[in-house]
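**Q** Top line first, the protein sequences correspond to chains P and C.
Counting in our numbering, the first sequence runs from 1 upward without gaps.
Counting in our numbering, the second sequence runs from 1 upward without gaps.
The reader is advised that the hints may include incorrect statements.
Claimed, not checked - Residues of chain C clear of chain P, computed beta-carbon distances all greater than 10 Å:
{"#": "1", "residue": "Ala-27"}
{"#": "2", "residue": "Ser-46"}
{"#": "3", "residue": "Met-54"}
{"#": "4", "residue": "Thr-59"}
As the list claims (entries may be wrong) - With a straight-line Cα cutoff of 20 Å, these simulated EDC-like cross-link-like pairs (lysine to aspartate or glutamate) come out:
{"#": "5", "chain 1": "P", "residue 1": "Lys-63", "chain 2": "P", "residue 2": "Glu-86"}
{"#": "6", "chain 1": "P", "residue 1": "Lys-7", "chain 2": "P", "residue 2": "Asp-91"}
{"#": "7", "chain 1": "P", "residue 1": "Lys-63", "chain 2": "P", "residue 2": "Glu-37"}
{"#": "8", "chain 1": "P", "residue 1": "Lys-63", "chain 2": "P", "residue 2": "Asp-91"}
{"#": "9", "chain 1": "P", "residue 1": "Lys-7", "chain 2": "C", "residue 2": "Asp-39"}
{"#": "10", "chain 1": "C", "residue 1": "Lys-42", "chain 2": "P", "residue 2": "Glu-59"}
These are calculated hints, taken from the structure and not from any lab test.
For every residue, glycine included, the Cβ atom is placed at its ideal position computed from N, Cα and C.
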Amino acid sequence: MYLGRWKRGAILFVTVGAIFWAGIALGGVMTVDSRYESWWFAAQSLTGVNGLVGWYRQEQVYKDISSDPETENNPLAHRSGRPGPEQMAVDYELQRRGLALATPTEGVARAYTGVAGMLNLLCIFDAMMLCLLGIRGEPGRTEPEKAGADDKNREQV
Amino acid sequence: MAWTMFFHPMTIPTWAVLWLILPLCLAVAVVYKTIRVGDLSKLPRSVAVLVAYMVGGLTLLSVALWLIQCCLV
Numbered sequence: 001m002y003l004g005r006w007k008r009g010a011i012l013f014v015t016v017g018a019i020f021w022a023g024i025a026l027g028g029v030m031t032v033d034s035r036y037e038s039w040w041f042a043a044q045s046l047t048g049v050n051g052l053v054g055w056y057r058q059e060q061v062y063k064d065i066s067s068d069p070e071t072e073n074n075p076l077a078h079r080s081g082r083p084g085p086e087q088m089a090v091d092y093e094l095q096r097r098g099l100a101l102a103t104p105t106e107g108v109a110r111a112y113t114g115v116a117g118m119l120n121l122l123c124i125f126d127a128m129m130l131c132l133l134g135i136r137g138e139p140g141r142t143e144p145e146k147a148g149a150d151d152k153n154r155e156q157v
Numbered sequence: 001m002a003w004t005m006f007f008h009p010m011t012i013p014t015w016a017v018l019w020l021i022l023p024l025c026l027a028v029a030v031v032y033k034t035i036r037v038g039d040l041s042k043l044p045r046s047v048a049v050l051v052a053y054m055v056g057g058l059t060l061l062s063v064a065l066w067l068i069q070c071c072l073v
């Protein structure tokens, strides 16, 4: 939008937001999981504010679980092996609350949100390149300016 | 337990998973073509063509993989 491409900016904003929140609608609050799905989280956080809101919501769930005395009393929290006892207890608690993601919802929801982040990265990269090249406005509007510049060059020659 | 949208996960039947590739392809096509297309009035047509390419390519790929699997088993 800074580049004067308002329509394109609006289309990209709506599309990236829609695909990210469609993923959250499918997978719920734990679609964004910064603790145990760090690679997906890296992609999801590229959606900017959307990713931040998703991160904040899942962090609230984790805080709620850690402050729950039932988590400490869970026998899974004191077992050994992989995954670690903490993750086992958290997974158990998420399942008890109906928040745990399972196949195939997990894959679809994380793919939607992750792809939204990667698409946003593509948009950021494109906007940066246009900025560096000094290209502003819609392509059609810049044509008269280019023509004017060509005329000046001819006069100088 | 009451189901809440954006909080609890949905239960997606296995047969429905493949259909969910279509909105994803559409989103990819819209974003890519919004960046690439010169004239925005040509956007819907370009998006439709790209979605058709992607869905066609994925279908061909799945058929090829299915044939390879049939040959191996």
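**Q** Look at each hint and say if it fits the structure.
**A** Here's how the hints hold up against the structure:
no. : hint                 : result
1   : Ala-27               : violated, 4 Å
2   : Ser-46               : holds, 12 Å
3   : Met-54               : holds, 12 Å
4   : Thr-59               : holds, 18 Å
5   : P:Lys-63 to P:Glu-86 : holds, 13 Å
6   : P:Lys-7 to P:Asp-91  : violated, 43 Å
7   : P:Lys-63 to P:Glu-37 : holds, 17 Å
8   : P:Lys-63 to P:Asp-91 : holds, 14 Å
9   : P:Lys-7 to C:Asp-39  : holds, 11 Å
10  : C:Lys-42 to P:Glu-59 : violated, 43 Å
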